[in-house]
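As a plain string of letters, each chain reads:
Protein chains: 2
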Amino acid sequence: MPKKPEWIPENSGDEFSSSTIEGVLNKNITSSKKIKSKSLTIDDYYSGIIDGNRAIIAQAISIIESNSDKHYLLAQSLLQKLIPSTGKSIRIGITGAPGAGKSTFIDTFGSFLIKNGHKVAVLAIDPSSSLSKGSILGDKTRMEVLSRENGAFIRPSPSGSTLGGVARKTRETILILEASGFDTIIIETIGVGQSEITVRSMVDFFVLILLPGEGDELQGIKKGTVELADVLIINKDDGDNLNNAKFTKSQYELAIHYIQQATEGWNSKVITTSAIENKGISEVYDLMNQFIEHTKSSNIFDKRRNSQLLNWLYSNIEDRIKSHFYNDSEVQNKLSKFESEIIQGQISVMAAVDELLNTYFTNK
Amino acid sequence: MPKKPEWIPENSGDEFSSSTIEGVLNKNITSSKKIKSKSLTIDDYYSGIIDGNRAIIAQAISIIESNSDKHYLLAQSLLQKLIPSTGKSIRIGITGAPGAGKSTFIDTFGSFLIKNGHKVAVLAIDPSSSLSKGSILGDKTRMEVLSRENGAFIRPSPSGSTLGGVARKTRETILILEASGFDTIIIETIGVGQSEITVRSMVDFFVLILLPGEGDELQGIKKGTVELADVLIINKDDGDNLNNAKFTKSQYELAIHYIQQATEGWNSKVITTSAIENKGISEVYDLMNQFIEHTKSSNIFDKRRNSQLLNWLYSNIEDRIKSHFYNDSEVQNKLSKFESEIIQGQISVMAAVDELLNTYFTNK
Numbered sequence: 001m002p003k004k005p006e007w008i009p010e011n012s013g014d015e016f017s018s019s020t021i022e023g024v025l026n027k028n029i030t031s032s033k034k035i036k037s038k039s040l041t042i043d044d045y046y047s048g049i050i051d052g053n054r055a056i057i058a059q060a061i062s063i064i065e066s067n068s069d070k071h072y073l074l075a076q077s078l079l080q081k082l083i084p085s086t087g088k089s090i091r092i093g094i095t096g097a098p099g100a101g102k103s104t105f106i107d108t109f110g111s112f113l114i115k116n117g118h119k120v121a122v123l124a125i126d127p128s129s130s131l132s133k134g135s136i137l138g139d140k141t142r143m144e145v146l147s148r149e150n151g152a153f154i155r156p157s158p159s160g161s162t163l164g165g166v167a168r169k170t171r172e173t174i175l176i177l178e179a180s181g182f183d184t185i186i187i188e189t190i191g192v193g194q195s196e197i198t199v200r201s202m203v204d205f206f207v208l209i210l211l212p213g214e215g216d217e218l219q220g221i222k223k224g225t226v227e228l229a230d231v232l233i234i235n236k237d238d239g240d241n242l243n244n245a246k247f248t249k250s251q252y253e254l255a256i257h258y259i260q261q262a263t264e265g266w267n268s269k270v271i272t273t274s275a276i277e278n279k280g281i282s283e284v285y286d287l288m289n290q291f292i293e294h295t296k297s298s299n300i301f302d303k304r305r306n307s308q309l310l311n312w313l314y315s316n317i318e319d320r321i322k323s324h325f326y327n328d329s330e331v332q333n334k335l336s337k338f339e340s341e342i343i344q345g346q347i348s349v350m351a352a353v354d355e356l357l358n359t360y361f362t363n364k
Numbered sequence: 001m002p003k004k005p006e007w008i009p010e011n012s013g014d015e016f017s018s019s020t021i022e023g024v025l026n027k028n029i030t031s032s033k034k035i036k037s038k039s040l041t042i043d044d045y046y047s048g049i050i051d052g053n054r055a056i057i058a059q060a061i062s063i064i065e066s067n068s069d070k071h072y073l074l075a076q077s078l079l080q081k082l083i084p085s086t087g088k089s090i091r092i093g094i095t096g097a098p099g100a101g102k103s104t105f106i107d108t109f110g111s112f113l114i115k116n117g118h119k120v121a122v123l124a125i126d127p128s129s130s131l132s133k134g135s136i137l138g139d140k141t142r143m144e145v146l147s148r149e150n151g152a153f154i155r156p157s158p159s160g161s162t163l164g165g166v167a168r169k170t171r172e173t174i175l176i177l178e179a180s181g182f183d184t185i186i187i188e189t190i191g192v193g194q195s196e197i198t199v200r201s202m203v204d205f206f207v208l209i210l211l212p213g214e215g216d217e218l219q220g221i222k223k224g225t226v227e228l229a230d231v232l233i234i235n236k237d238d239g240d241n242l243n244n245a246k247f248t249k250s251q252y253e254l255a256i257h258y259i260q261q262a263t264e265g266w267n268s269k270v271i272t273t274s275a276i277e278n279k280g281i282s283e284v285y286d287l288m289n290q291f292i293e294h295t296k297s298s299n300i301f302d303k304r305r306n307s308q309l310l311n312w313l314y315s316n317i318e319d320r321i322k323s324h325f326y327n328d329s330e331v332q333n334k335l336s337k338f339e340s341e342i343i344q345g346q347i348s349v350m351a352a353v354d355e356l357l358n359t360y361f362t363n364k
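Chains S and Z, in that order, are what the protein sequence lines are.
Our numbering puts the first sequence at residues 1 to 364.
Our numbering puts the second sequence at residues 1 to 364.
Since the hints were made in silico from the structure, they are not lab data.
Please note: incorrect hints may appear among the correct ones.
For identical chains, the list gives no copy identity; a pair is met inside one copy or between any two copies.
[Stated by the list, open to error] In silico BS3-like pairs for lysine-lysine, Cα to Cα no more than 25 Å straight-line:
| hint | residue 1 | residue 2 |
| --- | --- | --- |
| 1 | Lys70 | Lys269 |
| 2 | Lys115 | Lys279 |
| 3 | Lys222 | Lys115 |
| 4 | Lys334 | Lys222 |
| 5 | Lys334 | Lys322 |
| 6 | Lys322 | Lys337 |
| 7 | Lys81 | Lys119 |
| 8 | Lys249 | Lys81 |
| 9 | Lys296 | Lys249 |
| 10 | Lys246 | Lys115 |
| 11 | Lys322 | Lys81 |
| 12 | Lys337 | Lys269 |
| 13 | Lys269 | Lys222 |
| 14 | Lys296 | Lys119 |
| 15 | Lys322 | Lys269 |
| 16 | Lys296 | Lys88 |
| 17 | Lys88 | Lys115 |
| 18 | Lys222 | Lys303 |
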């Protein structure tokens, strides 16, 4: 049974309604908890989003983030209507260990993008945010300059019990923002568990932010992350770090020679920046534009977009059929028995599989 | 409808029978196509395998490799009976690009193992073997010394239309061989598609054989393969290659510093060998023993074995429920329609998912 989202008052009845839209206009940092809304129809949402009305955008995202069945259906109808207006942004993923300076980088880079005429939205995927709670104020402080820009929109991680749930909400939020005219969407992740792979699967361009220092172990990043990145940024190339940054750059340049390309036909690059001193930021922008031009002209860009869509389709289908199977109570009973029997060498794997499948399909 | 395996004569009736057991005793290279068998009961198979009767072992493997339903059931009952006698070998995976000298290495290393009192079986996973056909003679020539050893057993790749099918047959063949007393099982793969990952998922110790030279591109190995290996062997450290081998060794030693450990708590090693000159072979043996001792004492060995078993269980379950879903004809029709609608931006992914799942579960 899906839980009611916290922001709907107890006994709010069947209507998706409460008092007034207020206090969200001109606020770039928007939390679902702060939203009050009057009854809006799908058409109201649709035109509000297309017009770029921030209050309505924020509310639509809250509906996407809601765990109630009713909001799920509302969100899906809305998205279905918006689909033709989506897909036109550049989607950027940014990861890096805590302390590498992701927020400062996004603050500086995002502001640079705005000065260059872009409309920028920042989303976060943080599978641990349900533990830390209320990262909203955190985000405000973290991206001081960007959060004051009118062209910017910053949204903290949706809460969710699974990364899959958070991923769905983020993907659908991207669609809302694209339909609203944001042309650059930055998705930040702190890289817990599989979150980097999840973010990679929804972006065009993936950035790994590293500290001057030696090797991944010291960086606190998971091995394998480097292979996801189209550009490695050695940040904090300032103060006492200058030599260290240069050295780290050369080490990673060597390392990427041995690992898999993140994007077909694109050799990943290493760049040094100082987000605090505004150093290397325009180089990152140039590199990103090169990347986009290159991948668009080779058709890799569209190929990846299409395969991301189909992967998303298939992974959703498969998550659902698996969860239907594993939620079957007879399957559950047998499965836990078989697991220990398999490990103790009492039953063969295929015998267990055969019996489990029989159980499941005769139940259906 | 599963096809009858080629080695069963047309109109062979319902009995699993033909003329006599012949021509397989004392032959280490055994092909299912050459086998003639009289009717054997499960008990005959069981005791023959436990006694190490090579003719019966070869026949049992042929039953596992058969694609008929009847043989599937026979094989599964037999395996269920054998399970308590399995699991006691060391399972070694060996990969490398064509030309790196895998066969020569296995020939030399396998013979070394036999001289040190081991009983060695060599299996191959070659997803492309159904194309090249008849690799049996090939294997015989490829491993000249080993194929003459009484303690050795060499079996070419089972044929199969999917890597999953080949993987099941190989896993089950490992069980038969373990029950027969082989204490070292070597699984060779040429590394087409996902086959290296598949082999990694069924072995304790994984070896990548490389040529003296520079970088993975020149080696013709897929990037990412290095991360699977517990030991990298720079083979052909002989003749004009001596300096080159040393250089390649140092390059890979640097590279593995940046990539994921294949085995928790074990830093992958790089060794130079010359299989032709019998150089470095005992070092590989020592290293393997170190690895086994280390992983057994830290319990990583058993942990991996158990998780391999459970992964095998879950991946089989999921393959089957997915194939049940994707074989549904209504699902198939809608899916191909939705795929193009999604790419053309006419339907949202979640709307497609919802409708497909509805279709499927109301059919059940």
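Exercise. Going back to the hint list, which numbers does this structure go against?
Worked result: Hint check: 1, 3, 4, 8, 9, 10, 11, 12, 15 fail, others pass.
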